[in-house]
Amino acid sequence: MITGLAATTAPGRPAGAPAPGGPPRLPRRIARSRRAVAGLVLLAALFAVAFGGPLLSRWGWDDTDFAAFRQGPSARHWLGTTQSGRDVLALTLRGTRRSLLIGLSVAVLSTGLAGLVGTVAGFAGGRLDRVLMWATDLLLVLPSFLLVAVLAPQLGGGGLVPLLAALLWMVSARAVRGTTVSLREREYVLAARFLGASPARVIVRHVLPQLASLLVVDASVNVSVAVIAESGLSYLGFGVRPPDVSLGTLVAAGQGAAATCPWPFAAAAAMLVLIVLAVNLLGDGLRDVLDPAAGQGRGDR
Amino acid sequence: MTVLAVRNLTVRYAQGVPAVCGVGFDVGAGEVLGVVGESGAGKTALALAMVGLPPPHARVTGSVRLRGEELVGRSDAELSRVRGRDLAMVFQDPLSALTPVHPVGDQIAEAVRVHSGATRAAARARAVELLDLVGIPGAARRARAHPHEFSGGMRQRVMIAMAIANDPVAIVADEPTAALDVTVQAQVLDVLKAAKEATGAAIVLITHDLGVVAGFADRIMVMYAGRAVESGPVEEVYRRPRMPYTIGLLQSLPRMDAAGTARPAPVDAAPPPAGGCAFRPRCPVAVDACAGADPEPVLVGPAGHTAACVNTEATADPDAVFPLPDPMPQPALAPRRERPVVLEVDGLVRHHPLYRGTLLRRRAGTVHAVDGIGFDVREAETLALVGESGCGKTTALMEILRLARPQRGRVAVLGQDTAALRRRRRKALRRDVQVVFQDPFASLDPRMRVADIIAEPFAAHGLRAPRGRVRELLDLVGLEPVHAGRYPHGLSGGQRQRVGIARALALEPRLLLLDEPVAALDVSVQAGVMDLLEGLRARLGIAYLFVAHDLAVVHRIADRVAVMYMGRIVEIGSVDEVYGRPAHPYTRALLDAVPLPDPRLERRRRRVPLRGDPPDPTAPPSGCRFRSRCPRYTALGAVDARRCEEHDPMPRPMSTDRESDQWAACHHPLVEAGSGT
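Going line by line, the protein sequences match chains A and B.
According to the working numbering, the first sequence is numbered sequentially starting from 1.
According to the working numbering, the second sequence is numbered sequentially starting from 1001.
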């Protein structure tokens, strides 16, 4: 870098503003990213509808209207009813709620696990590194979908989230470990270690911030993967069990009559697309905000 | 005869200030023009513009004439016929400038064939001939080797061979020796000199090293902020510099030939202003007229010595412009022997095992990175570890920093043996041992503000930084309170290094380990940081262990120096003794290889350049490790030589004088015990 050029930015900044000496704080930067805002708004709307909607609707998801079987949209049932007389709108909202919760908790769990295992292995090196990576590789070679199919019925409904999380973290853990190994040799990380900072402190203060963009992208991908995996499993009958519903079971139930009565099928599929879209938008936006390489062209500097 | 004429050359990037602005010069056949300046002065942009390889978004205007033929504005295809034939270039990094997948002989042969249409066999023969000319032993065999099989110095020789393949009219060399050790630098400069004589080419040598220019160039052009601020014959400019920037640059150099107390003058970094003389904010003799138009070069001496300065009346006496500062007041210290030992190292060993194979890993050899070194550092003194790259100096530093049991030997910090430390004690000891790294751009977390970086040592030890301590530390290292809120990328290199030093000083350590702390900085900034380090040592009584490869820097800052070669200390003693009368032939060779920034002295020096590169660290020669390159060994009789071959020399005192502590590991030292005074 050029001494003279680097210094030119300094005196140009208005004096008397001590704190905003550097780039703006994270929330403001996120607010500037159109994608992140769009994703965030969409996700918030989905949550509001999934959790607030049932309170306003006069039909519960397990209510049966014996006066209306397999009807199209009407003032009474906005999205019509199913073969068994259940309200499609209420069912879809219920399914969205399940899928959102599963997707987000799987993403948080698996990315958290990937971050933990990856940074510890990469930072510690030596024997611990080898043991952890050996275990990771072992899990990687297991046929995961089959494993879920076999284990999910045994574990019951509550087992689905941990099971999906346990099968999604390995690839990202390897990536995190690789980045950590290279970060560990950076001079400022060495400096912190020789300063007397504990390994945990070094990981939290110096390594994790550099990994943030990697982890955010990983988490957003994992949300989509988990939602789709859950839907797939439920569609095949391994996931959420009746009478409870998820978007996957709704798609499965609706597809048989999709030609004649598309409402249940289309509503659930549309929700699925919206969830994945929202999460991907948010993840892309956050990556742009967090990635130092993308941050070079930040407007105000 | 002028073969390369540059007029009013300007390189402008898409927006903003021009990188090069109205530069002009002439170079005659067989003449060498040295272009010097700090990073960002536009040296490399100038070089690339001359050979017609500017970055795609740059606009080049002006004129570059090679034997009267205009080059600016020609298409790339037309230029390609000139480049590599009449106009050759030597790049800074020979590893990235050579294609890794082809043997070097083929690459040189290609350069020949592209321009001359020689047959394949003839081109290959010419390649071998060229490799021989640049001093590559076994040229016919080595022509078949790939670039990664050569050392840095050898690769640069290959680059030079390629540059002179078609008898060029002019060679542009951009920092050809910046990545090399001094001993290898001396060899490469000799090769470049031989190449010049063989081809009679004009050479434009771009460098930041004023010593290299002093010894090699005929004329010098000093650049600042894209402009040529002073130019003239080398001797004239070095003796009577008239542009204040040149004066500052020359005054700020640490020099080995000066007496021990002389200090270089620091030139403060400041951003170039818009309009007027760019050096104005840093200039001590600036007048109102400086803010007006760009100063035109005016004739200030014989043989076309020009300086772009409006106030040349004030610059007749360099010492009046940038006076050499008074010698740093040295606090009265107890004699070295009576001061407490801060760091004691004895027989320290660090070997790196090398493994082969993936499934069945077997040990293929050992790199003797550090192979039994011993020294001590006492309170308020500076010991410098010097040597070529790969001699183990940084490894030794890192081994000490680990504060753990070494592979072999003993490290004691403040009297505590590191092998016996428990975790808690080790952490407590870290408060007394701090480190400053080489690269000020890599050693600060880019995501933390300066205040947080400086306060981090407190947080790491579970302490709260006392109120005002951060401000106090900023003040101590010469930074302003406003810097506390900045991020590292908003600071210049010198400022960042000051932040690194402030962080190291936060917990008031007793021992500071410095890994090449000024190597990445420009000379004028170097001087300021060295001043700071020296002042801090005098005020705070800290001991420094200073790793460096620049012997001039070491001469200035260190009290004692230990010279390392292949993992061993070959000579250790006070700076005055070791520099004044080196006992080990390697020390002598290192000192000889450092170019002096004084053309008259530099050209008068007679030296025997060290041959070859350091041997393979996995298989050091038997007996004395320096034997394979030792100029003294080759001159010995059979009986004396056998001692070097069979016995590993142990360090022994070089003087019977009680005050002296100069030790060297050599069977046939250059000064014998008893012969000294």
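Note that these hints are calculated values from the structure, not bench results.
Treat the hints loosely; a few may be bogus.
Short, incomplete list of chain A residues facing chain B, as computed with Cβ under 8 Å [to be verified]: (1) Ser84; (2) Ala166; (3) Ala192; (4) Leu195; (5) Arg201; (6) Phe265.
Okay, the calculated beta carbon distance ranges per label pair [said to hold, decoys possible]: (7) B:His1351 with A:Pro153: 54 to 64 Å; (8) A:Leu26 with B:Arg1611: 50 to 60 Å; (9) B:His1148 with A:Leu277: 41 to 51 Å; (10) B:Arg1074 with A:Val181: 18 to 28 Å; (11) A:Val181 with B:Asp1616: 21 to 31 Å; (12) A:Ala48 with B:Arg1424: 46 to 56 Å; (13) A:Pro162 with B:His1351: 40 to 50 Å.
For every residue, glycine included, the Cβ atom is placed at its ideal position computed from N, Cα and C.
Verification of the supplied hints:
{"no.": "1", "hint": "Ser84", "in the structure": "56 Å, violated"}
{"no.": "2", "hint": "Ala166", "in the structure": "30 Å, violated"}
{"no.": "3", "hint": "Ala192", "in the structure": "7 Å, holds"}
{"no.": "4", "hint": "Leu195", "in the structure": "5 Å, holds"}
{"no.": "5", "hint": "Arg201", "in the structure": "6 Å, holds"}
{"no.": "6", "hint": "Phe265", "in the structure": "48 Å, violated"}
{"no.": "7", "hint": "B:His1351 with A:Pro153: 54 to 64 Å", "in the structure": "57 Å, holds"}
{"no.": "8", "hint": "A:Leu26 with B:Arg1611: 50 to 60 Å", "in the structure": "58 Å, holds"}
{"no.": "9", "hint": "B:His1148 with A:Leu277: 41 to 51 Å", "in the structure": "48 Å, holds"}
{"no.": "10", "hint": "B:Arg1074 with A:Val181: 18 to 28 Å", "in the structure": "48 Å, violated"}
{"no.": "11", "hint": "A:Val181 with B:Asp1616: 21 to 31 Å", "in the structure": "27 Å, holds"}
{"no.": "12", "hint": "A:Ala48 with B:Arg1424: 46 to 56 Å", "in the structure": "52 Å, holds"}
{"no.": "13", "hint": "A:Pro162 with B:His1351: 40 to 50 Å", "in the structure": "47 Å, holds"}
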